[in-house]
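Student: Residue numbers (the numbering used here), protein chains in the order written: chain A, 1 to 524; chain B, 1001 to 1159.
These are calculated hints, taken from the structure and not from any lab test.
Ideal placement from N, C-alpha and C gives every residue a C-beta, glycine not left out.
Possibly wrong hints are sitting among the right ones.
Distance ranges between label pairs, derived from CB positions [to be verified]:
1) R200(A) / E1142(B): 34 to 42 Å
2) G1012(B) / D67(A): 52 to 60 Å
3) G1046(B) / V248(A): 36 to 44 Å
4) G1133(B) / R13(A): 40 to 48 Å
5) S451(A) / G1133(B): 47 to 55 Å
6) F236(A) / G1046(B): 30 to 38 Å
7) E1142(B) / T38(A): 26 to 34 Å
8) G1133(B) / A75(A): 32 to 40 Å
9) A462(A) / G1133(B): 57 to 65 Å
10) A435(A) / E1142(B): 17 to 25 Å
11) A461(A) / E1126(B): 57 to 65 Å
12) G1046(B) / K454(A): 37 to 45 Å
13) V1154(B) / G23(A): 17 to 25 Å
Computed far set for chain A versus chain B, every beta-carbon distance over 12 Å [as the list claims (entries may be wrong)]:
14) T34
15) E187
16) V248
17) M391
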Amino acid sequence: MLELRKDIFADERDDNLKEIGKGTQRQDMLGHVTGTSTYFDDHKLQGMLHLKVVRSTHAHARLRRIDTSEAERAAGVRRIIRGSDVPRNLNTLLSLINFGKDDEPSLAVDKVRYKGEPIVAIVADSPREAYEAIAKVRIDYEPLSAVLDVEDALKPGAPVVNETYPKNAFIYHDIYDHQKLRFGDVERGLAAADHVLEQRYQMSPIEHAPTETNGSIAAPDTNGRYIVYTSTQALFFSLDTCAKILDVPSNTFHFIGGTVGGGFGGKVDTLTEPLSILGAMLTGRPVRYVFGREEEMQYGPPRGAERIYIKDGVMRDGRIVARKIRAYFDSGAYTRLSSYAAVKCAAHLPGPYTIPNVYGDVYCVFTNRTPATAMRGFGVTAMDFAIECQMDKLAHLVGMDPMEFRILNAYRDGDMKAHRREAKNCALIECVQVAAEKAKWPIREDFKRASSRKEGGGSRAAIPPTPRDSYAPVATPSQQRTTYDRAPAASREPPPPPPPPPPRPQAPSHGAARFSSVFGTRRR
Amino acid sequence: MAKTALQFRHNGRDVAIFVDGGTNLLVALRELIGDMTPKFGCGQGGCGACSVLIDGELHLSCLTLAETVAGRSVETLDGIKDGPSLHPLQRAFADNFAAQCGYCTPGILMAAKALLDRNPQPSRAEVVEAISGNICRCTGYEPIINAVLAAASVGRARA
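Let the sequences and hints guide you as you build the complete structure.
Tutor: Now the structure itself:
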């Protein structure tokens, strides 16, 4: 069970803890053990219809023709929904906080960008009839070459995955095609190092595989609103996303959820709600859209794969003097949350170690793969995996114990981090010491005596001279805008004299400014 | 499509329904009887979320044709409480934090009940074996195993 090590940093803590260290029963436990916790699919509504989607059989293809005439006549079919039926058939999830451009349709219209992309939705009396109608939809594809590798996608002449981002990379603040970290002179650091170790790390996409698949049930309410039972992990986020896509005020919807049969990040993408609500709007009946297991595993968004190159310079005594990282986050065909994942990736460099020269480039890359999404520490876990593998290899290279090697290089209080923030409340050294103790892993006496509160700061607090990258001049970026930001764009023309205050973008109504420091959204 | 009349015992009560040919027991229980305790996880017999007891034996209701339970006794999580009192397994699961999202819990409880009904004093290895057909994607297996063992020891104390 939980063990609190109160001897460590004892003087920093008010030990009058009411809850921490004690078990507390979950409020939903009784429902769980009696099977009465109500998941979205535990609602059976009178006259409920079932929605299924026709999915692309190609990773990348132009849609020449979609013929639903035979499907429309199939038994039990109530309604066929196409992209043109979706009021605003282009969205990006983080547009709600004014981050990124709308790049993903609810139903593909001109082109499909990944295998399994929804093209047509069929609402029928039963799931079986919906499946039978799906088999009757004829789609004429013109296959296009697909790009499935992050580095290939960035090469000149690569197929354009998503026309919103013609260079196959997410564009930050309208101009930057990657996230950048520069601290000190990494090339000089590498040149001065006793050893240099360069390694490549490749992660795979990982499916969350929740036991309950993604789904929702939408039903017309008696007051012109719609009740939506959903598996979402992000109830209000999904509600607002649906309001945007369906172009109605958000109080049109009454979302009911919160009892989720496993999510792990795979239920934040609002995958089913827009179509089940639209189905309910178009038929006037409750509509259920739930993923089958195959859909969940094959087309549900996974953790994005990352490719990470790390080049480290290390001295014979074990000090890391330079760390250069190039990383590619595979977003798949659409942005979803991967733009944010790449920010987290960069924010996590160079790991919890004081390194005087750090250089990082992190790209959020579009490929013709299933769009990636959130999953438990996305953007951080893969980078951590790569960095910690690298730490073991470096320790081996210089003949040091891997635990001691980490203690030697760990942040200490007062050190300057590569992000130009002072390291405070560090605890890595103590964690490693306790881990060594628990594992009965012998470490030498001076490493047992090391402390996060000793030996930090001083010369380690300095920001080293950092050479600037050379840039081609770029046009002044405009305020990053999305279609959800309904306020008119601020004029870039200079205001007429005599000088009134310069034009400012109108504050968005959804409070995006609060998040600007998280996402680095450009704000005046 | 012609429907078939089907009678069976559901948690000790006689029920009668009409099913389409090919309807599986999971759909029959959830949609026709209204017992929402068995869950759909995969429809392929891979996850165990739909586990029920048929004549005391553990079965995957998603792979069981509804018509095959005619005249038999089907038990689900909805039937294991003793009036308002929790079954010892339910109490042990709550006390041992053996549920996170709760979605696999009905199936695991039925698998555990099948075990304790035939083997009231299982070893840890036997518990692991008994729930090996049930996926807990929150990966809470340790508390689940501890809960089943705790329920077994409560049973021993009573005996």
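Student: Could you work out which of the previously given hints the structure breaks and list their numbers from low to high?
Tutor: 12 and 14
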